[in-house]
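> In case you want the letters, here they are:
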Amino acid sequence: MSLEVLGITVLWVFLYGYLIIASIDFGAGFFAYYARVTKREHIMSKLISRYLSPVWEVTNVFFVFFFVGLIGFFPDTAYYLGTALLLPGSVAIILLSIRGAFYAFGNYGVSNNTFFLFLYGATGLLIPAALSTALTISEGGFLEETENGVVFLAGELFTSFYSWSVVLLAIVSVLYISASFLTFYADRAEDADSREILRKFSLFWSAPTILASFLVFLSLQQHNPEHFEKALDLWWMFGLSFVFFLIATILVYMKKNYGIAFISVMLQFFFAFFGYGASHLPYIVYPYVTITGSVVNETMGTALIVVFIAGLLLLIPSLFLLMRLFLFDADYVKGKK
Amino acid sequence: MELDSVMLSRILTASTLMFHAIFATVGVGIPIFIMIAEFLGIKRKDADLLVLARRWARGYTITVAVGVVTGTAIGLQLSLLWPSFMQLAGQVIALPLFMETFAFFFEAIFLGIYLYTWDRFSNRWYHWLLTIPVVIGSTLSAFFITSVNAFMNNPQGFDLVDGETVNIQPLAAMFNPATWPKVFHVVMSSYMTAAFILAAIAALAILRKKGSDYHKKALRIAMVAGLVFASGTALAGDLSAKYLAEYQPEKLAAAEWHFETETNADLIVFGTINEEGEVSNALRIPGMLSFLSGNSFDTEVIGLNEFPEEEQPPLWIHYAFDIMVGIGMFSLLISGIFIVLMLFKRFNEWNKPLLWSIVASGPLAMIAIECGWVLAEVGRQPWILRGFMTVEEGATTSGDVGIALIMFILLYIVLAIFTVTVLTKMFKNRPPEAEVEKRYPNGWVE
Ligand code: HDD
Ligand code: HEM
Ligand code: HEM
Chain A
63 MSLEVLGITV LWVFLYGYLI IASIDFGAGF FAYYARVTKR EHIMSKLISR YLSPVWEVTN
123 VFFVFFFVGL IGFFPDTAYY LGTALLLPGS VAIILLSIRG AFYAFGNYGV SNNTFFLFLY
183 GATGLLIPAA LSTALTISEG GFLEETENGV VFLAGELFTS FYSWSVVLLA IVSVLYISAS
243 FLTFYADRAE DADSREILRK FSLFWSAPTI LASFLVFLSL QQHNPEHFEK ALDLWWMFGL
303 SFVFFLIATI LVYMKKNYGI AFISVMLQFF FAFFGYGASH LPYIVYPYVT ITGSVVNETM
363 GTALIVVFIA GLLLLIPSLF LLMRLFLFDA DYVKGKK
Chain B
9 MELDSVMLSR ILTASTLMFH AIFATVGVGI PIFIMIAEFL GIKRKDADLL VLARRWARGY
69 TITVAVGVVT GTAIGLQLSL LWPSFMQLAG QVIALPLFME TFAFFFEAIF LGIYLYTWDR
129 FSNRWYHWLL TIPVVIGSTL SAFFITSVNA FMNNPQGFDL VDGETVNIQP LAAMFNPATW
189 PKVFHVVMSS YMTAAFILAA IAALAILRKK GSDYHKKALR IAMVAGLVFA SGTALAGDLS
249 AKYLAEYQPE KLAAAEWHFE TETNADLIVF GTINEEGEVS NALRIPGMLS FLSGNSFDTE
309 VIGLNEFPEE EQPPLWIHYA FDIMVGIGMF SLLISGIFIV LMLFKRFNEW NKPLLWSIVA
369 SGPLAMIAIE CGWVLAEVGR QPWILRGFMT VEEGATTSGD VGIALIMFIL LYIVLAIFTV
429 TVLTKMFKNR PPEAEVEKRY PNGWVE
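From first to last, the protein sequence lines are chains A and B.
So the first sequence is numbered by the numbering used here: it starts at 63 and just counts up by one.
So the second sequence is numbered by the numbering used here: it starts at 9 and just counts up by one.
Because the hints were derived from the structure by calculation, they are not lab data.
Please note: incorrect hints may appear among the correct ones.
A short, non-exhaustive set of chain B residues, derived as facing chain A with CB atoms under 10 angstroms [said to hold, decoys possible]:
| hint | residue |
| --- | --- |
| 1 | V72 |
| 2 | G79 |
| 3 | W90 |
| 4 | I101 |
Rough simulated footprint, nothing fancy, chain B against chain A, three-plus residues with beta-carbon under 8 angstroms [stated by the list, open to error]:
| hint | region |
| --- | --- |
| 5 | 118-124 |
| 6 | 299-305 |
| 7 | 374-385 |
Non-contacting residues of chain A with respect to chain B, defined by C-beta distances greater than 12 angstroms in every case (computed) [claimed, not checked]:
| hint | residue |
| --- | --- |
| 8 | I133 |
| 9 | A184 |
| 10 | F279 |
| 11 | L294 |
| 12 | I325 |
| 13 | N359 |
Built from N, CA and C at the ideal position, the CB exists for glycine as well.
Produce the complete structure using the sequences and hints provided.
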């Protein structure tokens, strides 16, 4: 495998990891707030905070890893996206900051503050919307290279059908992924009340997820036909994604095997996300930055790969320990520890 | 001063970094103290010390959270505000930046485990072991990021041919001559600052309600460590000055108002300077600058006049330098006095003037940190990458920096207000004595 393909694959895997665990986190914020306003929080909120408290910082590092790695492996993207994304990027950082800080304030500091919970819940939906615009911009059509540098066409972005369909998909996916995971977690915790509520959520958001995906496909055909054609070549990946969606929904509907159902949801997004990514190549930012044109020099690239492998050797056992103590420890999950 | 996008980018970067530095410093320093308190607590079966470790850790979660979010902000802002710089830097110095994310991972994972497993292990030492990766992770992140900053001051490990970077050696870039003195000084000063902040909190509690044992134990630990780390900081600061004398003489010269190259150069402390470069109202220590630069009065110190005008850093960094050094001396002095009084039983180390000086030392140490960074960063001007790229060439061309600046300033104000209120609320209604009583009703630990 060439350096640039290896690099982009590593980054994409981490972005996928962030997509899953951040979605769980973002959606959980929304559900926690929803539970508070509908006065059902005694059931769900404990469950949600028990899962989230030990892991929120780890979630954030996945994101940091992605953008630091992107600059490392493909320094030119720093130039193009850096100039273009100043405003949307700043908005996303501010939302992320508010969310992270107020989560900690509410959870470790003064608890039971509805305003903190509102910020936490609302940002959970706004952040995916803001972050998804980075993917939209990478499709091309929203940047213009002039003599004075790269210009971001904000007006185009706000009036683009494609851009809004991506935002819609991002929000419903977050709710869907999160509900599927929390159903599984509630089931493990033998918390039947929470499980029922979350199970209904997960079924409720499944159809919109698929509809939104179709919408994105349709608008992509208009917006970037070249990418759309390449995506059709990879039709089997999107097909597999749909199959896993069906498996997940059927299992949840039949109240069976919530664990396998959640793994199917992960696979559903895995195939869709990698299908999307693979068909996007060789472009990182269409049509200015390609992986071959922007890849870092070979010495640095090799050094980064070596560090990455060493880092994984350190991380995987640590992550395993974290999961064992909090996710797979039946007593902890049930709240006995 | 013209508020173009370069200037605005500088202001925004400076705001974010100076805000992050507060939490980053605490983030690097506090884990050591949690580690020490829990260690002594388990070893001596002392309920006070275990509660102390717990309470320090609880406060730490809040500052970590703000450290993480502001750190994420600065990480992204580097690309958003300095795209050309990051495009070039990415080719040469991406390695430590990338390694830093692993250090974050490592720390985040074990901090999460540490905070939620206080009573989960039957052998308390297992829980204590978890502090080791947290200390290593946070100190390593300081190491990696400081080596990036060292590279900006002393770029090595590449050649620039027609705007293209060639002959890249990532390790030479990472371990440039600035790295070791800088890392040593940053890490020591973080530990030291954490010590004096914790000491200040304990001293304030003792002054307010005539000291319980709990606070006296906390203060002793913090002051002993404070003396050790303040000495380390002074030693490392001396090494930093020697480094500057050799590799970045313009920064030292600007900081010392030293214009003509000469041996037996005087050290100028405070004072004022006029348009012609004449210094008045200053305290002059004969030959001291030469001594600081090379351990001998005969050392030749290069003066600022050797450098073209447009490559001279602003002269006001002199004050940042003097304030930092002054605070360093002050901290050494009061921690030294405290230890002496503590060792000789005849004296009373709990006297009011000393306790009030300790209360002052906490915020002062943080001011020293900020002054140190201002000295280091403003003293690098006009370069973003010394000798290769100026700040102006590195900056974004976007016209939206002003709006971003306003949004971020508001964010930092909100975060600052809430951090303070949440931290005070957290500890005010839960006195430590009650917590010891509740957690260890027998007064001791099995
Ligand atoms: C508690 C904080 C603190 C204290 C008491 C001191 N310093 Fe410091 N100093 C720092 C915290 C700091 C810092 C924040 O860590 C800096 C900023 C950048 C860096 O590398 O370290 C720094 C930078 C810095 C630099 C510039 C390094 C460079 O730009 O490469 C010099 C020459 C010194 N220091 C020297 C001293 C001396 C001689 C001190 C005498 C006691 C001293 N510092 C006390
Ligand atoms: C956390 C402690 C730090 C503080 C308080 C700090 C402070 C500052 C200040 C005050 C400036 C503005 C200087 C000016 O424009 O006159 C600045 C600029 C800058 N700093 Fe730092 N800095 C810190 C650490 C770092 C580190 C570790 C890096 C490297 C990764 C870094 C990279 C930069 C960059 C790229 C600029 C903009 C270019 C410039 O203005 O020189 N800073 N910083
Ligand atoms: C340009 C300079 C800097 C950048 C780009 C930067 C980047 C970051 C990022 C991205 C995070 C969040 C990590 C996470 O998600 O967990 C962070 C946190 C942190 N940073 Fe910085 N940082 C800078 C300067 C510094 C300096 C100078 C120090 C130390 C002296 C430092 C020490 C820390 C620590 C210890 C944390 C973790 C927060 C905590 O655990 O308390 N950083 N930084």
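> Against this structure, judge whether each hint is valid.
Hint check results:
1. V72: Constraint on V72/B satisfied, holds at 7 angstroms.
2. G79: Constraint on G79/B satisfied, holds at 8 angstroms.
3. W90: 8 angstroms, holds
4. I101: 9 angstroms, holds
5. 118-124: Holds, because 4 residues of the region 118-124 of chain A bring their Cβ atoms closer than 8 angstroms to Cβ atoms of chain B.
6. 299-305: violated (count 0)
7. 374-385: Our answer is that it holds, as 6 residues pass the Cβ test (under 8 angstroms) against chain B, meeting three.
8. I133: 5 angstroms, violated
9. A184: Per Cβ check, A184/A is outside 12 angstroms of chain B; nearest 15 angstroms; holds.
10. F279: 30 angstroms, holds
11. L294: Holds, because the least Cβ-Cβ distance between L294/A and chain B comes to about 34 angstroms, which exceeds 12 angstroms.
12. I325: Consistent with the label, I325/A stays out of reach of chain B, its closest Cβ about 22 angstroms off (over 12 angstroms).
13. N359: Its Cβ does come within 12 angstroms of chain B, the nearest being 5 angstroms, so this is violated.
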